[in-house]
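Peer 1: Protein chains in written order, with my numbering: chain X, 1 to 469; chain Z, 1 to 210.
It is possible that some hints are incorrect.
Calculated lysine-lysine pairs in the BS3-like style (CA-CA distance at most 27 Å, straight line) [stated by the list, open to error]:
hint	chain 1	residue 1	chain 2	residue 2
1	X	K99	X	K297
2	Z	K24	X	K297
3	X	K304	Z	K9
Label pairs and their in silico Cβ distance ranges [what the hints assert, rightly or not]:
hint	chain 1	residue 1	chain 2	residue 2	range
4	Z	K24	X	H144	40 to 50 Å
5	Z	P27	X	A403	54 to 64 Å
6	X	R57	Z	A5	35 to 45 Å
7	X	R190	Z	A50	21 to 31 Å
8	Z	R70	X	K180	22 to 32 Å
9	Z	G74	X	T158	20 to 30 Å
10	Z	Q175	X	P173	47 to 57 Å
11	Z	G99	X	C42	41 to 51 Å
12	X	R146	Z	K54	32 to 42 Å
13	X	W448	Z	E23	46 to 56 Å
14	Z	A108	X	P173	22 to 32 Å
Hints in this document: simulated from the structure, not taken from any laboratory. C-beta: ideal position from N, C-alpha, C; glycine also.
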Amino acid sequence: MSAAFEEKIHETLADPKLQLAIYKATGRLVEERRKSIEPDVCPDFQELRTRANAIKRHTIEHLDHYLEEFARQVEAQGGKVIFCKDAEEVSDFVLSLAKERRAELIVKSKSMTTEEIDLNERLEHHHLQSVETDLGEYIIQLAHERPYHIVAPALHKTREQVADLLTDRLGVPRETVIEKQTMIARAVLREKFLAADIGISGANFLVADSGAVVIVENEGNARLTTSAPKIHIAVAGIEKLIPRAQDLAVFLKLLGRSATGQRLTVYTSFLSGPKRQDEIDGPDEFYVVLLDNGRTKVLADRDKRQSLYCIRCGACLNHCPVYRKIGGHSFPWVYSGPIGAILTPQFLGVRHEPGLPFASSLCGACAEVCPVKIDIPRILLELRSEVKKAEARDSAGRLERLAFRIWAWVMRHPRVYEMAGMAAASLAPSESGWVRNAPFHGGPLGAWLSQRDLPPPPVRSFRQMWRER
Amino acid sequence: MSREAVLHKVRTALGRSAGQAIEKPPPVRLPIPEVGIEARIQSFCERIEALAGKTHRAASTADAREYVARVIAGRSAVASNAPILRECGITLLPGVRTGITDRNELRAVCSTAVCGVSGADYALADTGTLVMLSSRQEARLISLLPPVFMALVARERLLTGLDELLSILPHPAEQTSSMVLITGPSRTADIEQILVRGVHGPGEIHVVVV
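Extracted from the complex, chain X is given alone in its bound form (with noise of 0.2 Å):
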């Protein structure tokens, strides 16, 4: 575990009103999941989650068929679609089109895909505006934070914080009733939706059959994004396929419960294309940016290319005792929780936090309550693997070999075994605690040894009794 990942850790465990904030907020949607789910609100609810599973693997089974079909079901309907390899090349293609279009200022609404790709830094560095309009993201953009979860990204910001951060950015008089600090963000961001000349989403689904975009929300930020500017670009993995616009009975019902316990979210969108010729309002240009960043090479591994079925739900965030402690930030990447915990050593490498397969109690909550049934605690188990191969081909596990490697030769010569004993007994002091209070505490043992501590050697170890009856 990295030193970074502990501090994290320790910050989280010793704030109390964080704490709570985060037990609270997820309680609350684990009750609303419960009640949404219940057997006479929605009888086929594990139906639905063992059919999502299906056509979600025989989606990522045919990717390449389905995003092939999907791209020309896009551009017959006057649409692009800009395959990117990684995170340079979407913010090169958006640099690009925003230059030849004169842009200015961009809207955003909520897209995991792009907080993975820090889109917004990248597109401030080159002075193009990107605002956020979902209003828990709006909150952590000016507080330059990074989503505490996957769908209540402010999830860790108490009122007041929410003032100090309007009052500081926006100069408005200091506000702390919620309902009024919203009134306040939404008569900013209304002027910024009205101004824009691009506007970014993410996508829940992509649809092959129709090219069509899919976007769920409460707010109605991602409906302005993508209907008042002129430019609309939406930017997807390429895991995000499904392969019918009728496939959507199935995870619409999922998703919405899985998240929050709605039925279904306030919006649902599923837009195709720019506007048609006869409509009246709509962007005149569609764009759909389908980014890889990592992802054929999770789909490349048999077992573990269920990581890439994933939602965006939550719900195993919300049910992880692990991430009810620890929170969202102290994750080392965009993504928490037990799915972060399987995305991120698979996208980054599984030395970019070692420790991470590890901060998992394989309680199981995060698989029964996943919409598309991924194995979540199998693969943290094969990643931990992954893990400690990875350590023995590196120095620190060479060090631990090493170790064992004396420890066997000692085990093998009594002779050698019980000096060592004697040497250790006269060493040790004779009272307790000195384990915990011995000189090498802080070494590479440190963490393991202040948890633990040894009795006080006897005077005279079993063998010299042996000996003497």
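Keeping the supplied structure of chain X fixed, place chain Z upon it in accordance with the hints.
Peer 2: Just chain Z now, kept in the frame of chain X:
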């Protein structure tokens, strides 16, 4: 840019070759329950009210017009070009702007109007959802910019739910660039999980079943 490169990596990862045939996808199953029209209307209204939307069952077109007029109450309003609004005489109400076909004009009117009035193409009984297809009759911004939104839906357009909608409309993209499902007023709970309505879209929503 990287189209072929990405597709090639996908194929290599899956061990597939370009243009290789695929297995059949899992079959679609869209079970449509038998629910009478009365029960559908009742469920629809209950669901919307549970989300703090308001509903009105209009006995006649005149009744629908009166209800809408009462909600507008002299405030500024914009109505779409949907035939149902004309049939109910809503386009003739004083202070209601309608017949807009120009995008810029629509945007200007919608960004100042207090009320937006549309016709819904379908409604879903089991979730309390309005289904809006963008067209020359129906603009996107009417249901989005004004803080109060009203939708009129003909009772025969009330479907049982999402399954029935997708069996009637298996390919929405053939008809429109935008199909939107609206389930209750715009809402957020992003600050301390406190529910606030009307964050970006309308916080007040009225549905009239004609």
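Peer 1: Decide, hint by hint, whether the structure agrees.
Peer 2: Checked hints:
| no. | hint | in the structure |
| --- | --- | --- |
| 1 | X/K99 to X/K297 | 33 Å, violated |
| 2 | Z/K24 to X/K297 | 25 Å, holds |
| 3 | X/K304 to Z/K9 | 17 Å, holds |
| 4 | Z/K24 to X/H144: 40 to 50 Å | 49 Å, holds |
| 5 | Z/P27 to X/A403: 54 to 64 Å | 58 Å, holds |
| 6 | X/R57 to Z/A5: 35 to 45 Å | 25 Å, violated |
| 7 | X/R190 to Z/A50: 21 to 31 Å | 28 Å, holds |
| 8 | Z/R70 to X/K180: 22 to 32 Å | 29 Å, holds |
| 9 | Z/G74 to X/T158: 20 to 30 Å | 41 Å, violated |
| 10 | Z/Q175 to X/P173: 47 to 57 Å | 48 Å, holds |
| 11 | Z/G99 to X/C42: 41 to 51 Å | 43 Å, holds |
| 12 | X/R146 to Z/K54: 32 to 42 Å | 39 Å, holds |
| 13 | X/W448 to Z/E23: 46 to 56 Å | 50 Å, holds |
| 14 | Z/A108 to X/P173: 22 to 32 Å | 30 Å, holds |
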